[in-house]
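Here are the chains, one letter per residue:
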Amino acid sequence: MQRIGVFVCHCGSNIAATVDVKKVVEIISQEPGVAHCEDYQYMCSEAGQAKILEAVKEKNLSGIVVCSCSPRMHEGTFRKAAERAGLNPYMVEIANIREHCSWIHKDMEEATEKAVILARAAIAKVNLNAPLYPGESRVTKRALVIGGGIAGIQTALDIADAGYEVDIVEKTPSIGGRMSQLDKTFPTLDCSACILTPKMVEAAAHEKITIYTYSEVDKVTGFVGDFTVDIRKKARSIDMDKCTGCGVCQEKCPSKKTPSEFNRGLNTRSAIYTPFAQAIPNVPVIDREACIKFKTGKCGLCEKVCQAGAINYEQTDEIVTEKYGAIVVATGFDTIKLDNYDEYAYNQSPDVITSLELERVMNAAGPTKGHLERLSDGKHPEHIVFVQCVGSRCNDNRGKSYCSKICCMYTAKHAMLIRDKYPDVKVTVFYIDVRTPGKNFDEFYRRAVEEYGVNYIKGQVGKVAPQSDGSLLVQASDLLDNKQIKLKADMVVLATAIEPDPSVRRIATMLTASIDTNNFLTESHAKLRPVESPTAGIFLSGVCQGPKDIPETVAQAGAAAVKAIGLLAKDKLLTNPCTAKSDELLCNGCSVCANVCPYGAISYEVVQVNDHGIREDRRVARVNNALCQGCGACTVACPSGAMDLQGFSNRQIIAEVDAICR
Amino acid sequence: MSMNNEFRPKIVAFCCNWCSYAGADLAGSSRLQYPADVKIIRVPCSCRVNPMFILRAFEKGADGVIMCGCHPGDCHYSTGNYYARRRMTLLFSMLEYLGIENGRTRVEWVSAAEGVKFSTTMNEFVDKIRSLGENVRLGDLRCKD
Amino acid sequence: MQRLIDRAKELLADGTVVRVLGWKKGDLGFNPEPAYFETAEALDSDFIYDGFCGANLSKYMIEASKKDGKTLVFLKPCDTYSFNQLIKEHRVDREKAYIIGVGCKGKLDIEKIKAMGVKGILSVEGASMDSECETLTVKTLYGDKEVSYNEAMLERCHVCKGKEHQIADEVMLESRDTKDAERFAEVEKIEAMSPLEKFEFFKKELSKCIRCNACRNVCPACSCRKCVFDSTKFDEATKANVDSFEEKMFHIIRAFHVAGRCTDCGECSRVCPQGIPLHLFNRKFIKDIDTFYGEFQAGEDTETKGPLTNFTFDDVEPSIVTERG
Amino acid sequence: MYKINKENLSALFSLIAEANELYVPVSINGAVNFAAWDEDVQVDLDTLKTVKSPKDAFFPQSETLYSCKRNGKKLSITPEELSSKDFVVFGMKACDVKGLAVLDKVFLVDPVDSYYKARREHGIIVSLACSQPEEACFCNVFGIDASSPEGDVQVYMIGDELFWNAVTQKGEKLTEQVKSLLADTDEAKVEEEKASIKAIVERLPYSNLSLDGWGEDAVLLDKFNSPIWEELYKPCLACGTCTFVCPTCQCYDIKDYNTGNGVQRYRCWDSCMYSDFTMMAHGNNRTSQMQRYRQRFMHKLVYYPQNNDGMYSCVGCGRCVDKCPTGLNIVKVIKAFEKGGNK
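Chains as they are written, first to last, in the working numbering: chain X, 0 to 661; chain Z, 450 to 594; chain D, 1242 to 1566; chain E, 3 to 345.
Worth flagging that the hints you see were computed from the coordinates, not collected in a lab. Treat the hints loosely; a few may be bogus.
As the list claims (entries may be wrong) - Dumping the calculated DSSO-like pairs for lysine-lysine here, alpha-carbon to alpha-carbon at most 30 Å:
id: 1; chain 1: Z; residue 1: K593; chain 2: E; residue 2: K76
id: 2; chain 1: D; residue 1: K1337; chain 2: D; residue 2: K1546
id: 3; chain 1: X; residue 1: K170; chain 2: X; residue 2: K404
id: 4; chain 1: E; residue 1: K87; chain 2: D; residue 2: K1445
id: 5; chain 1: Z; residue 1: K566; chain 2: X; residue 2: K105
id: 6; chain 1: D; residue 1: K1308; chain 2: E; residue 2: K341
id: 7; chain 1: D; residue 1: K1355; chain 2: E; residue 2: K87
id: 8; chain 1: X; residue 1: K58; chain 2: E; residue 2: K75
id: 9; chain 1: D; residue 1: K1420; chain 2: D; residue 2: K1439
id: 10; chain 1: D; residue 1: K1355; chain 2: E; residue 2: K337
id: 11; chain 1: D; residue 1: K1445; chain 2: E; residue 2: K257
id: 12; chain 1: Z; residue 1: K566; chain 2: X; residue 2: K336
id: 13; chain 1: D; residue 1: K1445; chain 2: E; residue 2: K8
id: 14; chain 1: D; residue 1: K1386; chain 2: E; residue 2: K71
id: 15; chain 1: X; residue 1: K58; chain 2: E; residue 2: K71
id: 16; chain 1: E; residue 1: K196; chain 2: E; residue 2: K5
id: 17; chain 1: E; residue 1: K76; chain 2: E; residue 2: K107
id: 18; chain 1: D; residue 1: K1380; chain 2: E; residue 2: K200
id: 19; chain 1: E; residue 1: K191; chain 2: D; residue 2: K1380
id: 20; chain 1: E; residue 1: K8; chain 2: D; residue 2: K1355
id: 21; chain 1: Z; residue 1: K593; chain 2: D; residue 2: K1439
id: 22; chain 1: X; residue 1: K487; chain 2: X; residue 2: K378
id: 23; chain 1: D; residue 1: K1402; chain 2: D; residue 2: K1528
id: 24; chain 1: Z; residue 1: K593; chain 2: Z; residue 2: K577
id: 25; chain 1: E; residue 1: K200; chain 2: D; residue 2: K1266
id: 26; chain 1: D; residue 1: K1404; chain 2: E; residue 2: K87
id: 27; chain 1: D; residue 1: K1386; chain 2: E; residue 2: K337
id: 28; chain 1: E; residue 1: K76; chain 2: X; residue 2: K21
id: 29; chain 1: X; residue 1: K255; chain 2: X; residue 2: K241
id: 30; chain 1: X; residue 1: K404; chain 2: Z; residue 2: K593
id: 31; chain 1: E; residue 1: K196; chain 2: D; residue 2: K1360
id: 32; chain 1: X; residue 1: K50; chain 2: E; residue 2: K75
id: 33; chain 1: X; residue 1: K322; chain 2: X; residue 2: K140
id: 34; chain 1: D; residue 1: K1445; chain 2: Z; residue 2: K593
id: 35; chain 1: E; residue 1: K341; chain 2: D; residue 2: K1360
id: 36; chain 1: Z; residue 1: K593; chain 2: E; residue 2: K87
Note that the coordinates shown come from a computational prediction; the quantities given were computed from them, not determined experimentally.
When you get a sec, could you build the whole thing from the sequences and use the hints?
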């Protein structure tokens, strides 16, 4: 029997306003095994922790229950306090009487009664706690960055500059990401390529950075400090060492009808291609689905014209297996599909485009060489209508519930750039709200309105109808004047919602990183750990975590890098001691536990056992504590109960059940 | 027990540490109410929930047992909830086969971001158990006195 | 039967095996017991294989695998599923077994004969493998009785999985198709009951349970060295039927622990002294597994992942159960 | 000697039940066991042997000894009340009644088991002669007369009639209670029935089983160390069927059940076949199933008789013969030793 100390926290009024803390203390003091019980304003404070230390010493306590906020909050705090008091840190259990009690109940009597029961459950558990000791695991001093956009590049550069090896895995043929598709950036109107390209070059040239483009992560095993990752280098059909990037192959390639991904399908590219001029590496890939040689076996023109002899049709996917200590996810975003938004006629009219497409139209390297023109007939537009919040802040299930955050600013940018370059073009923006928090953002928007005469109308566009004369009829409501309006436009630009790149789901599953309903990766704590995934060793950079603009992305990329560096700087990690353990006298050696172990942490060996006098050789399960992450799948699969989970043992959980049901 | 004679069910909720427990925390910090009848037991993963725990809860007087885990595909341990899903499906089907009222058990996937879902689920579940009344078919009578 | 004895003697003589695991004649003519034979003489005098040899010998191979030398084991078609499952779980050593798959004409249930009102049975004729297995002549203290072989068969034989041996070094003796009922018919009948009827049905059946553990101890899937109900690991060690919940807990968990591993060999129902149709638990799980996760027969091979150690992303949700009916 | 028509049995039971608790053989889905009588149960007096012996009525498979309740740090203990109401067990067979004599020697000697004693005092046994003994019966080997069972009232079922003969004071008292339903008769038919039973007993397959070399005369260590056990136990599944159906097995375990707010201490039948039988801190003093198997029969055929003036702890009911899942039983043990020269 333990000598248990119970400490009930008021959490100011957070708990005490709903739970009669004094009464909890009064009742719990009477529980068998409770040698000490007291309450305090803030148990997590220095003074609060001191009370624990004092009580452990005075009452010779062997176990501690803290009735307070969620263990996800302060379990660590109280474990450290227990350690300072000379107890094993795992002799502490938390009864969550704040998030699971005081904050969700109004009736004081009910909440107090529940707090008592939760405390009893924790007491019942701690009664069966045993000291646990963490093991150690090594840290591979190398980081993996998944995604080669600005987030990934920045993270990689920061980690590499701190002296650690970094690999970037980018699924497209070049790093650069979405930012490379942008023409100008707000709020300073820098040329996007001008600020991005040096970073790309720097990354490519950095001795600590290895870039795998046209590659994907295939498999991830291991855990924080010691991940093993299979990277699939897709067959590029080009020998990267030989290619000089002269570009002749692309010129000569007869298959030129494939929509250009880089230009959002607004023009076409050849089957052998580099996505854009500044691509890094400047080595093309052969799109085997478009290539005549691969489709028919004939052609082979590129091979003929390549003086470097770099073309290799026989190339196959290559798997590179590498070990990493930390993994940063920077998988970025895409715009949503607009199939659900027929009212905007996006699929019907080439003159209805997304903002990202407009970026390409405005860009000198884009499909129109930077001329603003209608894609249907190449005519110069007289009136352009911008529609905000297409698929963002949507309360039906057609679009996204969240605000995409960047649209207000880039629309202001687009409007301003158009008015600047083509003062004759009339620009109207339909908006729900204009959201411009951020340094120099509101000033930027006001310039668009005040200096550049962009016509902002608060209202929603109900329909865009292509007319027989080629123009577009925009029907909208003007909410301020409270009237329906119809406008004739030549182009309509949709500020399309952004969503995490679809590839993130697969990656999250491989990394066992959690993901929210919108497919954004979940951070460990929304406020306090915003760049860490709840899965140890996985960090989040850029839009994969939530909508962001470039400065925020770069800031977060740096933050993720720092967290990764902090991990890589350690030589050893302490492992979670709450691992599975097999009782070899009860083990049948049936392998069912190994069959459900996601970490391959269970192996078998034949050992001689002495089972109450019977000596025999038995095949028994052994758990590798460094590999076991403590999920407990094996404990339920094991029919005999030989396999148990330390810290969450069968009897501990049963004791909690009993205490709650009694 | 409350002073009036209203049926106050005993409900045990097993929540995985990474998603559902955090979801319950979020419900708490968002002040989303659900009845005090629900008491949460933290487990590392839904795959840690042994059918014996569920039967044990009923044995000792629980009127309803709910298990929450990460959404399929989002398990912190990658595959735990898949095993849990099969185990619970089969267990619940067996309980139904033995004539135990169908709604006394439930599995719900609740992510760390779904405080609202957590609270809604718990409210629904408590309502369901209240409508089913006391668990008399699956309990040890010795625990009743 | 003589052929089995002769072959066993051959294998003993040429050193292929050092012992034979088979059935030994009982003292009443219908109560044979599993037995080891190490000599030709013992085989000649005591070996038997007839309609009453229902016992599944595969579980005995767990112990036999620990012994030196090979054991010749006779396995009926349904026993071979159990043996495969035991190989899969590393509980028996294939290398230590020489398996003769023996034919099966359906196994008899002396309790069924008794339930027909036949009392004071002295011997039963017509149970041998050489007979046509149509009619049994039961000699009793109170006169001779004729009984239909089929009606005297164990429940499991009426829903036989087939007479193919899943694993064997050689196969001997002819089998006879005995399947004449649907395997899941009984389960479906219960499923169709109202919850209260179901509850009353099982309450009545389980009220008979005396916690003798025969079902568990005979079960080839229940091969744990120490059962959870005998250990302190779950604080559920109970031996006695103090409360009706106890049996329910025991039988649910036992069925759950063997779910996906139970080959439906029917030994549990055969040995229950109180005649509780224990297979109804296991077969419910088998039926659900088939329905939810695709047809699966435990023991068909030694490799396939069991349904509870497997999953797919699109598995049905438990709500398929909790929201029906 | 009285008699009553079988048609009136229900009335008889209901009259008995007015003043006593009444246990009768009841059929539930084909399995017959002693159970409390009420109008809805399906009484089965035709099945010779109930699955479990009726020792349950005197030594229940499980019984609470006392309860502890917890209130904060205070404990209150309430012993279970002893049986204080008369009860009747109707239809016990000669072997089962004799089984109680075996239990008496365990539970009624010092220290007296008060729970058992109270039940014995309040229990009234209406025994039923075995009109059709069956193949597994061998009670005669232990000197038991199936045709004249002991008990407080002897009952014979002959044709459509049930003959009633009070033997003891308790029996007389019960007879008084139900006399309104009984008619006087002579013993002619009963004597005829007795003779018929005896004749059948002689023809039983195990009738001539010899107990030579067992009991008081057994050389304990010879038996104990015999290599025969090593052969005999092998098919044993280590289940408790033989023990739990046996009318003379008396071993029990004492356990605590956690009710949440306290503990119920209960005892329940245990089986020497179980690996945790007599488990102690250091482990089990019988580590192998062979040892456990040997224990059961050594106890019944050697230890018990040597401690109890030659009385065997087996009454030849044959339940273990009928119910062993692997066809093992005490008869096979006796025969095996006979074959082995009783060594």
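Evaluation of the provided hints:
1. Z:K593 to E:K76: Distance ~20 Å between K593 of chain Z and K76 of chain E Cα, so the pair holds.
2. D:K1337 to D:K1546: holds, 24 Å
3. X:K170 to X:K404: holds, 25 Å
4. E:K87 to D:K1445: holds, 27 Å
5. Z:K566 to X:K105: Roughly 20 Å separates the two Cα atoms, so the pair holds.
6. D:K1308 to E:K341: Holds: K1308 of chain D and K341 of chain E sit about 27 Å apart, inside 30 Å.
7. D:K1355 to E:K87: violated, 37 Å
8. X:K58 to E:K75: Holds, because 18 Å separates the two Cα atoms, which is no more than 30 Å.
9. D:K1420 to D:K1439: Holds: K1420 of chain D and K1439 of chain D sit about 27 Å apart, inside 30 Å.
10. D:K1355 to E:K337: Distance ~25 Å between K1355 of chain D and K337 of chain E Cα, so the pair holds.
11. D:K1445 to E:K257: Cα-Cα ~26 Å, so holds.
12. Z:K566 to X:K336: holds, 27 Å
13. D:K1445 to E:K8: Measuring from Cα to Cα gives roughly 27 Å; hence the hint holds.
14. D:K1386 to E:K71: violated, 60 Å
15. X:K58 to E:K71: holds, 27 Å
16. E:K196 to E:K5: Satisfied, since the Cα-Cα distance of roughly 16 Å is no more than 30 Å.
17. E:K76 to E:K107: The hint is violated at about 39 Å.
18. D:K1380 to E:K200: This hinted pair holds, its Cα atoms lying about 20 Å apart.
19. E:K191 to D:K1380: The hint holds at about 28 Å.
20. E:K8 to D:K1355: Distance of about 24 Å is within 30 Å: holds.
21. Z:K593 to D:K1439: Holds: K593 of chain Z and K1439 of chain D sit about 23 Å apart, inside 30 Å.
22. X:K487 to X:K378: holds, 15 Å
23. D:K1402 to D:K1528: The hint holds at about 14 Å.
24. Z:K593 to Z:K577: holds, 22 Å
25. E:K200 to D:K1266: Distance of about 29 Å is within 30 Å: holds.
26. D:K1404 to E:K87: Violated - the C-alpha atoms of K87 of chain E and K1404 of chain D are around 58 Å apart, more than 30 Å.
27. D:K1386 to E:K337: holds, 29 Å
28. E:K76 to X:K21: Distance of about 21 Å is within 30 Å: holds.
29. X:K255 to X:K241: Holds - the C-alpha atoms of K241 of chain X and K255 of chain X are around 24 Å apart, at most 30 Å.
30. X:K404 to Z:K593: Violated. K404 of chain X to K593 of chain Z sits at ~57 Å, over the 30 Å cutoff.
31. E:K196 to D:K1360: Judged against 30 Å, a Cα distance of about 19 Å means the pair holds.
32. X:K50 to E:K75: holds, 24 Å
33. X:K322 to X:K140: holds, 9 Å
34. D:K1445 to Z:K593: holds, 22 Å
35. E:K341 to D:K1360: Cα-Cα ~29 Å, so holds.
36. Z:K593 to E:K87: Within the cut-off at roughly 25 Å; holds.
This entry does not satisfy hints 7, 14, 17, 26, 30, going by the numbered hints stated previously.
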